[in-house]
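Let the sequences and hints guide you as you build the complete structure.
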Amino acid sequence: MSVVNIFLTNPEADSFEPFEHDGTRFIFATLGHQGPKTLLEGPVWAFVDWVMDEMAGLEMCRRLRVDPRTANAHITMVFEDDNNDFRKRALEAGADDYMRGPINRSDALDRVLALQSSSVERHVATRFQQGELTIDFLAFRAYWAGQPIELRPNEFRLLRFLAENPNEVLSREALIGGLGKNESPIDERTVDVWVGRLRRAIKAAGGGNPLRTIRSVGYVFDLN
Numbered sequence: 001m002s003v004v005n006i007f008l009t010n011p012e013a014d015s016f017e018p019f020e021h022d023g024t025r026f027i028f029a030t031l032g033h034q035g036p037k038t039l040l041e042g043p044v045w046a047f048v049d050w051v052m053d054e055m056a057g058l059e060m061c062r063r064l065r066v067d068p069r070t071a072n073a074h075i076t077m078v079f080e081d082d083n084n085d086f087r088k089r090a091l092e093a094g095a096d097d098y099m100r101g102p103i104n105r106s107d108a109l110d111r112v113l114a115l116q117s118s119s120v121e122r123h124v125a126t127r128f129q130q131g132e133l134t135i136d137f138l139a140f141r142a143y144w145a146g147q148p149i150e151l152r153p154n155e156f157r158l159l160r161f162l163a164e165n166p167n168e169v170l171s172r173e174a175l176i177g178g179l180g181k182n183e184s185p186i187d188e189r190t191v192d193v194w195v196g197r198l199r200r201a202i203k204a205a206g207g208g209n210p211l212r213t214i215r216s217v218g219y220v221f222d223l224n
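Mapping of the sequence shown onto the UniProt record's numbering: position 47 corresponds to residue 47, and the numbering continues sequentially without gaps.
Incorrect hints may appear among the rest.
As the list claims (entries may be wrong) - So the derived label-pair ranges between C-beta atoms look like this:
id	residue 1	residue 2	range
1	Ala145	Thr30	35 to 45 Å
2	Asp107	Asp53	16 to 26 Å
3	Asp81	Ala139	31 to 41 Å
4	Arg212	Gln147	16 to 26 Å
5	Asp81	Glu41	28 to 38 Å
6	Ala145	Ala174	23 to 33 Å
7	Ile27	Asn167	35 to 45 Å
8	Glu173	Phe128	43 to 53 Å
9	Glu92	Asn165	26 to 36 Å
Read the hints as simulated data drawn from the structure, not as lab findings.
Glycine included, C-beta positions come from ideal geometry on N, C-alpha and C.
Take a look at the structure:
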């Protein structure tokens with residue numbers, strides 16, 4: 001049975017009962033200021049409160065990104081009072097997502113299951129290749145001319161959706177839908193942050209800038 005680790009900065013998370021679904025066991029734990037207390041097996045999801053007793057949620061987010069155990073975690077920032085400035089700062093600190101709180105076991109589990117369901121393979125194929133770009137769906141990795149493109153979960157899904165719809169103008173709303181983010185309101189400017197991260201990752205892998213901005217409309221992924 002595979003395992004999914006769900007961490008919350010909620011001090012009660014250690015007492016949350018595990019949940020089993022479709023061959024996967026979802027386990028919960030409290031995320032303290034020193035990070036996870038044990039070795040981790042399987043995917044990691046972290047729900048970080050914007051305001052914490054021992055440090056700011058933004059600092060926790062940054063620490064998770066530099067810890068090798070949690071560098072690829074899906075991080076959701078939890079706000080009590082949501083506003084555009086908070087969202088922007090959370091994404092810049094490395095968060096993948098955000099939601100209103102406070103949240104409990106059911107809230108966290110519902111979010112994880114919803115986002116996992118949105119990434120279920122829609123095609124029999126397990127690998128996409130066009131030109132210099134290769135996407136390995138099962139390994140959750142992407143490459144440009146054989147060089148790995150270092151991507152977080154949202155940017156990986158964004159790259160896949162764009163690559164599966166090449167040379168087509170996609171609005172920010174369409175991209176939000178393509179990433180399965182319709183279960184909660186997402187500011188369309190969040191897409192610009194995702195695109196910026198994706199551009200930098202592709203460039204670092206030697207792929208230049210195949211992402212073209214169509215002013216006031218959206219983005220095009222130019223693939224020949």
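Hint check results:
no., hint, result
1, Ala145 <-> Thr30: 35 to 45 Å, "holds (43 Å)"
2, Asp107 <-> Asp53: 16 to 26 Å, "holds (20 Å)"
3, Asp81 <-> Ala139: 31 to 41 Å, "holds (39 Å)"
4, Arg212 <-> Gln147: 16 to 26 Å, "holds (21 Å)"
5, Asp81 <-> Glu41: 28 to 38 Å, "holds (36 Å)"
6, Ala145 <-> Ala174: 23 to 33 Å, "holds (28 Å)"
7, Ile27 <-> Asn167: 35 to 45 Å, "holds (43 Å)"
8, Glu173 <-> Phe128: 43 to 53 Å, "violated (23 Å)"
9, Glu92 <-> Asn165: 26 to 36 Å, "holds (27 Å)"
In summary, the structure is inconsistent with hint 8 from the numbered list given earlier, while agreeing with all the others.
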